[in-house]
Amino acid sequence: MPASEQSVGTIPVAGRNLSRQLVSFTRRQSRAYNRSLTSFGDAFADVYTSVLALGCAAAIAVSFVAALRGEMVRADPLSSGVAVHSPVAMPAGLLWVLLTYGVLTGILMAARRLGPVAVTGAQGAWWLPLPLDRGPMVLPTFRRRIVWVGLGSTAAYVPFSILTGLGLATVEHALAAVTFGACCLAVLGIAALLQPGGGTPRRALAGAFLALAPLAALPALAGRMWPLAVSALAAAVILRRALHRAGAVPGTDLIRGGNVSGHAGASVFFLDTNELLRSFAGPPRPVAASRARRFYARPAGSPFAGLVKADVAAFLRLQPPVVVPLLWLAACLAVLVSDAGLPAWMQLAFIALAGCVVASGMGAVARRTALLPELDTLLPLSPASVRTSRLLMPAAALALWMALLTGTLAVLGAGGPMLPVMGILAGAGMGAGCLRGATRPPADWTLPPVDTPMGPVPRAQLSALLRGLDVTVLSMLPVGLALFVGQAVPVLVLMQAVVSLVAVLAVLLAPAGTGRGQR
Amino acid sequence: MTETGAVLEAEQLVVGYGGAAVCGEVTAAVYSGQVLGVVGVNGAGKSTVLQTLAGRQPAISGEARIQGLLVDPDTVPFRRQVAAVFDDDLFFPSLSVTEHLLLVARGHSLPNPELRVAAELEFFGLDGRADAVPDALSSGQRRRLLLAAGFIRPASLLILDEPEQRLDPVMRDALARRIKDHAEAGGAAVLVTHDPGLLVETAGSCLLIKDEVELVEPGDGAAFIAGL
Numbered sequence: 000m001p002a003s004e005q006s007v008g009t010i011p012v013a014g015r016n017l018s019r020q021l022v023s024f025t026r027r028q029s030r031a032y033n034r035s036l037t038s039f040g041d042a043f044a045d046v047y048t049s050v051l052a053l054g055c056a057a058a059i060a061v062s063f064v065a066a067l068r069g070e071m072v073r074a075d076p077l078s079s080g081v082a083v084h085s086p087v088a089m090p091a092g093l094l095w096v097l098l099t100y101g102v103l104t105g106i107l108m109a110a111r112r113l114g115p116v117a118v119t120g121a122q123g124a125w126w127l128p129l130p131l132d133r134g135p136m137v138l139p140t141f142r143r144r145i146v147w148v149g150l151g152s153t154a155a156y157v158p159f160s161i162l163t164g165l166g167l168a169t170v171e172h173a174l175a176a177v178t179f180g181a182c183c184l185a186v187l188g189i190a191a192l193l194q195p196g197g198g199t200p201r202r203a204l205a206g207a208f209l210a211l212a213p214l215a216a217l218p219a220l221a222g223r224m225w226p227l228a229v230s231a232l233a234a235a236v237i238l239r240r241a242l243h244r245a246g247a248v249p250g251t252d253l254i255r256g257g258n259v260s261g262h263a264g265a266s267v268f269f270l271d272t273n274e275l276l277r278s279f280a281g282p283p284r285p286v287a288a289s290r291a292r293r294f295y296a297r298p299a300g301s302p303f304a305g306l307v308k309a310d311v312a313a314f315l316r317l318q319p320p321v322v323v324p325l326l327w328l329a330a331c332l333a334v335l336v337s338d339a340g341l342p343a344w345m346q347l348a349f350i351a352l353a354g355c356v357v358a359s360g361m362g363a364v365a366r367r368t369a370l371l372p373e374l375d376t377l378l379p380l381s382p383a384s385v386r387t388s389r390l391l392m393p394a395a396a397l398a399l400w401m402a403l404l405t406g407t408l409a410v411l412g413a414g415g416p417m418l419p420v421m422g423i424l425a426g427a428g429m430g431a432g433c434l435r436g437a438t439r440p441p442a443d444w445t446l447p448p449v450d451t452p453m454g455p456v457p458r459a460q461l462s463a464l465l466r467g468l469d470v471t472v473l474s475m476l477p478v479g480l481a482l483f484v485g486q487a488v489p490v491l492v493l494m495q496a497v498v499s500l501v502a503v504l505a506v507l508l509a510p511a512g513t514g515r516g517q518r
Numbered sequence: 000m001t002e003t004g005a006v007l008e009a010e011q012l013v014v015g016y017g018g019a020a021v022c023g024e025v026t027a028a029v030y031s032g033q034v035l036g037v038v039g040v041n042g043a044g045k046s047t048v049l050q051t052l053a054g055r056q057p058a059i060s061g062e063a064r065i066q067g068l069l070v071d072p073d074t075v076p077f078r079r080q081v082a083a084v085f086d087d088d089l090f091f092p093s094l095s096v097t098e099h100l101l102l103v104a105r106g107h108s109l110p111n112p113e114l115r116v117a118a119e120l121e122f123f124g125l126d127g128r129a130d131a132v133p134d135a136l137s138s139g140q141r142r143r144l145l146l147a148a149g150f151i152r153p154a155s156l157l158i159l160d161e162p163e164q165r166l167d168p169v170m171r172d173a174l175a176r177r178i179k180d181h182a183e184a185g186g187a188a189v190l191v192t193h194d195p196g197l198l199v200e201t202a203g204s205c206l207l208i209k210d211e212v213e214l215v216e217p218g219d220g221a222a223f224i225a226g227l
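Note that the protein sequences, when read in sequence, are chains A and B.
Read in order, the letters of the first sequence correspond to residues 0 to 518 in numbering that gives the first Met the number 0.
Read in order, the letters of the second sequence correspond to residues 0 to 227 in numbering that gives the first Met the number 0.
If you're looking for bench data, these hints aren't it; they were derived computationally from the structure.
The beta carbon of each residue, even a glycine, is placed where N, CA and C say it ideally should be.
A few of these clues could be false.
[Claimed, not checked] Derived list of chain A stretches under chain B, where covered just means 3 residues or more per stretch with a C-beta under 8 Å from a C-beta of chain B:
id, region
1, 124-131
2, 247-257
[To be verified] Label pairs and their calculated CB-CB ranges:
id, chain 1, residue 1, chain 2, residue 2, range
3, A, 372, B, 227, 30 to 38 Å
4, B, 215, A, 443, 53 to 61 Å
5, B, 138, A, 239, 25 to 33 Å
6, B, 19, A, 348, 41 to 49 Å
7, B, 135, A, 41, 17 to 25 Å
8, A, 270, B, 71, 40 to 48 Å
9, A, 20, B, 11, 40 to 48 Å
[Said to hold, decoys possible] Just a sample of chain B residues kept apart from chain A, beta carbon distances all over 12 Å, derived:
id, residue
10, 20
11, 21
12, 42
13, 167
14, 204
Using the sequences and the hints, build the whole thing.
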């Protein structure tokens, strides 16, 4: 037996250096092992395909942005867009600032879910219990995140700057992009500062959202050096403090962030949006849970009524905060009423994007129940009845969302008085799309691509990835058409009714086994 | 040590999730050289008690102290005192068995870490798999690796959650000896188990978790397990 007398006793706590050495030891040994498994040819092929894929994606993005910019330059702000008769016209500059604010808010929320200071499961199990300073254990990953967020956000802002700053020179676009990158780093630092101590007080979170407002205005002030200097200084000060405190983040929070990051990373790798949304889903809210419990306690007259009650209660408990759909709604309205000269098709594409995102977010219950399809067989109900019950709340919520959007647009003079009716009908179809997407089986990446004149296409995987989005977009087509032509004429209303009805019936009456949880 | 000299002292500790207790209040003290068994049916709250003592789960009310320190795994002194082995099955996929143990040994500044690792590998029957990565190990071997990591480091209190799971009978006997050796060397241990033999052989007292939590003799705890 190993020296038992050594199993109890006090060993002096080593400090930061030993912690750093152990992290280095782990990384060194892991790299050596991985290198032993990877040949030069494999590494070359990985780099080659990655560079090629990035190059193709960049080429497509550049040509798309160039074409769009050309169209925006030619467009007349007074006659382009779907809400040209709107009495309200938002200045383009304000729209860009609001969109930037929305993006920064999204980054803050995502960063808080992902840590941002975090450890992997193995690091949590083997590093965190050691009696050492945790700073060197968490800092390398956090620093890498800082670098990637800085580079990624700077690169991502370039096309946005090209589209929104039509009169800017190349240097000014670069300045704006770097300013945005610095703002994103400041947001990342704020998320890290909110992290220690677990449950962040609402006041601190509200303060953080307020602090984002001036940051969001900085990239739009491109062409001068001071916005860059201010954002860089803010990022430096906030990150310095965040880096200093990173080692004090509670272990449970480090592990939670690592779990979410790992789950989300794997979901992105496999392009599985359902898993991605599951990874970002928070715990049920206690207030909603209590309300739902009272509602659920009331008697139900039939098995179907019982299931509906259960689904409604689960929806109230699990659904993410209502602020996200409202933000998307506000963004849609801002895009539609601005005088930015956005072409109508682009405004409609933005509405379609918003609709898809909001619809995906409404499928929390269906996504959860899809993991345990056996639950749906506990009641003597047909699969169609189960799907009907599961559809009701997303369809109602999306109908309300569309009613708010189209109702506001109708008030602003776009689409006519029948537009809200079309919106409500479209919402029902979008609910079907939400259910279809939330219960889709994951893509099978072992299936070979199909040869086409354009080259091999992973058709099975693409159809799996688009499942749900197809019905959502289809359901929004008639209402989008009405916005495009400027009037919700009866034939379009009828078309909307038919499309939504077909979408709902197609999802409800889909054959058993066409989706996880649909039996 | 606490004021009473106990290595572990739990006072009206209520454990659970989301504010809902999973079992009755836990009040217990474990002194140097003692092993406390914890038994109960599935879902009684045994592992939750251990998770709370290890600081992985916040207590609803009451408090626990280990060597006089409030349970807080975010402090270095607490981590130095407590070794906890749960069935986590989380490993660095690219580190070998030896490297995992070296990490722990070096992290606790043990003298001659290579020798200590070699001794643990031999004790837990992993010397033939010393260079294997976790994915190449069987379920039982991974369990041995977790136990070896728990025993290689110094600790005043050893927290073991069903350590006998996935072990063969020979290894179970060796584990019992090892727990006793730890206690004889002045350490204390809290052990959740479903193995009556391991309980009787190692524990000096036993927490029986039913609707209420009561302190019983290990023999009574073993009889309770055998009667399940």
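Right, here's what the structure says about each hint:
Against chain B, the region 124-131 of chain A contributes 8 residues with a C-beta closer than 8 Å to a partner C-beta. That satisfies the three-residue criterion, and the hint holds. Under a criterion of three residues with beta carbons nearer than 8 Å to beta carbons of chain B, the stated coverage of the region 247-257 of chain A is upheld, 4 such residues being counted. The hint said 30 to 38 Å for the Cβ distance between residue 372 of chain A and residue 227 of chain B, and at roughly 32 Å that hint holds. One distance hint, 53 to 61 Å for the beta-carbon pair residue 215 of chain B and residue 443 of chain A, holds here, with the actual separation near 54 Å.
A C-beta distance of roughly 46 Å is found between residue 138 of chain B and residue 239 of chain A, which places it outside the suggested range of 25 to 33 Å. In this structure, residue 19 of chain B and residue 348 of chain A meet the distance hint of 41 to 49 Å, their C-beta atoms being roughly 47 Å apart. Distance hint for residue 135 of chain B and residue 41 of chain A: a CB-CB separation of about 20 Å, consistent with the stated range 17 to 25 Å. Checked against the given bound of 40 to 48 Å, the beta carbons of residue 270 of chain A and residue 71 of chain B, roughly 41 Å apart, stay inside it.
At about 42 Å, the beta-carbon gap between residue 20 of chain A and residue 11 of chain B stays in the expected band of 40 to 48 Å. With a cut of 12 Å on Cβ distances, residue 20 of chain B stays outside the contact zone with chain A, its closest approach being about 16 Å. For residue 21 of chain B, the condition that its CB be more than 12 Å from all CB atoms of chain A holds, with the nearest at approximately 17 Å. Interface exclusion of residue 42 of chain B from chain A stands, the closest Cβ pair being 19 Å apart, more than 12 Å.
Distance check on residue 167 of chain B: its Cβ is at least 18 Å (rounded) from any Cβ of chain A, clearing the 12 Å threshold; non-interface status holds. Taking the minimum C-beta to C-beta distance to chain A, about 20 Å, the non-interface status of residue 204 of chain B holds against the 12 Å cut.
Of the numbered hints listed earlier, the single one contradicted by the structure is hint 5.
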